[in-house]
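Novice: First to last, the sequence lines map onto chains A and B.
Yeah, the first sequence ends on 313 if you go by this note's numbering, and it's all consecutive.
Yeah, the second sequence ends on 296 if you go by this note's numbering, and it's all consecutive.
Heads up, some of the hints might be wrong.
Here's a subset of chain A near chain B, in silico, CB distances under 8 angstroms, partners left out [what the hints assert, rightly or not]:
hint	residue
1	TYR149
2	ILE157
3	LEU159
4	LEU162
5	ALA248
6	TYR293
No lab work stands behind these hints: they were computed from the structure.
This structure is a prediction, so every number in the text was calculated from the model and none was measured.
Even glycine gets a Cβ: it sits at the ideal position worked out from N, Cα and C.
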Amino acid sequence: MLGYIIRRLGSTVLVMGIVGVFVFLLLHLSPGDPAAIVAGDNATPDQIAQIRERLGLDDPLPVQFIRWSGGVLQGDLGISIFSNEPVAKLIGERLEPTISLSLTTIVFAVVIAVSFGVLAAWRAGTLIDRALMGFSVLGFSVPVFVVGYLLIYLFSINLRWLPVQGYAPIADGIGPWIQRLILPTIALGLAYVALIARITRTSMLEVLSEDYIRTAKAKGVATRPMLLKHALKNAGVPIVTVIGIGIALLIGGVVITETVFNIPGVGRLVVDAIAKRDYPIIQGVILLFSGVYVLVNLLVDLSYSFLDPRIRY
Amino acid sequence: MSARAAPPAAAAVTAPPPRARPSFGRFLRRNPTMALGGFILILLLIIALAAPYFAGDPVSMTPAQRLKPPSAEFWFGTDHLGRDVFARTVYGARISLLVGLSVAIFSIVVGLAIGLLAGYFRKVDAVVMRLMDGLMAIPAILLAIALVALTKASVFIVIIAITIPEVPRVVRLVRAVVLSVREAPYVEAAVASGTRTLRIIRRHILPNTIAPLIVQSTYICASAILVEAALSFLGAGTPPDVPTWGNMIAQSRLYLSVAPWTIFCPGIALAIVVLAVNLLGDGLRDRLDPRLARRM
């Protein structure tokens, strides 16, 4: 087990290293002068030269990469071109809304999706099953921003139940905080619910046809413990895997959802950076999100042997 | 779903219908989701191609007609610049379908080539797969944003930027197929009898990848259409003057409360296209790839 964890950690570091090379090269592989790209269309040659010097673009690529990655490892993601502040600080200021939204979405999606999936598998072939699975195809197909605007239109503009947009820090009280997160969470969570519900249903169907489930039923285990304790835990590995893979979906969705609901999070930071071509910010946010994705999937892999003790490494 | 029209009893007695005659109606009844998805897509493709002949002008502005609700004159109403939302929605279908199909084709071709190399030649495998792992760790939308932000926005750049994050998924799929097939007795037999590598790949390995790739291509197409719309919506996609669904929604968002049609018409169109592609994909999967169908 320990050997496996070490090997798995090693490959995680390797993958992050490759991500780092990609992110670094993004700016340098592009056609044209990176300094001119960063400076924008209306820059004077002087400004371009200044940026070139500040970013150290005259050094050979490997030197630049080592300097850059050395900084990254120490938490230095560079300086924002536009605001002249450290990227790490700018990201830090925006973390709370993004973390709040991601956590509420994961909780919402997992609870709803696993219940839907278990219900659909238990009642496989019935109208409930068909309706739930139909809903899941729909959930994949409607884009986050369309759902978002639909929810705002219905619940904020027409019914006036919830605030239209924005974010309230959790320090200002849990009420306003949760109020402003309800709609973004639903919008962002829909595709995630669809994904997890589908895999839960399939995995549950497989487990429910096992002999030990028949035995459990025969010896009189009640339905609820039979479904949740005997079946769901054994159906867990694929479900947890998909939750991990789905983090990628969630990250892309966070960027869009924050724009729709005007939430000042990391996603907004990167969207604003696109318009200003603030490349250090874009690079920093990509590194952060990729790191989160890789880390979550590492935890998912390590959770397998807990869910299924037969899995040994 | 499988209810079939009962043939007249007399006819059934005198002349039993020929068994399993491949007929179109039968195919439709057996594959309702695939038929529905395919039908909607073909319809939308025709509408998109025929746009110049019936849709009207998607770019001309008539300031006197701003934010008009849907009417006989403007079926989907007008936006804040007095542009015809119906014409823009119809023209938007062209970009969405173009991007969806191009990304599907490009990523399959590139992914197939890399996947075959990685699966068949073990030395290439380790390096290529680590690169693919790294590429897959970067969220697709962010990678595409970064690539588009680097260059001048154009439809072609958007297609490339969406293709790159899709390639590793195809590579993994192809590689998995190759790895399982290359151990098969008939491939060993071919190797033993001295068949050249290229011929083995072409005759024995390639055909096995076709079914899963067709299924995968529909999912890539659906995801590409969604990502394109998201990129345009975020302002990192097609240039703002091109009528795409994402651009339309981005430009109309301030008018949600006064002119919801400017957002929901392209939004619903987007959902219908993606739904149709997904239905087609699910149908194809059930038919072509029973192993995957059971897993999903």
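Novice: Hint compliance check: list the failing hint numbers for this structure, sorted ascending.
Specialist: 3, 4
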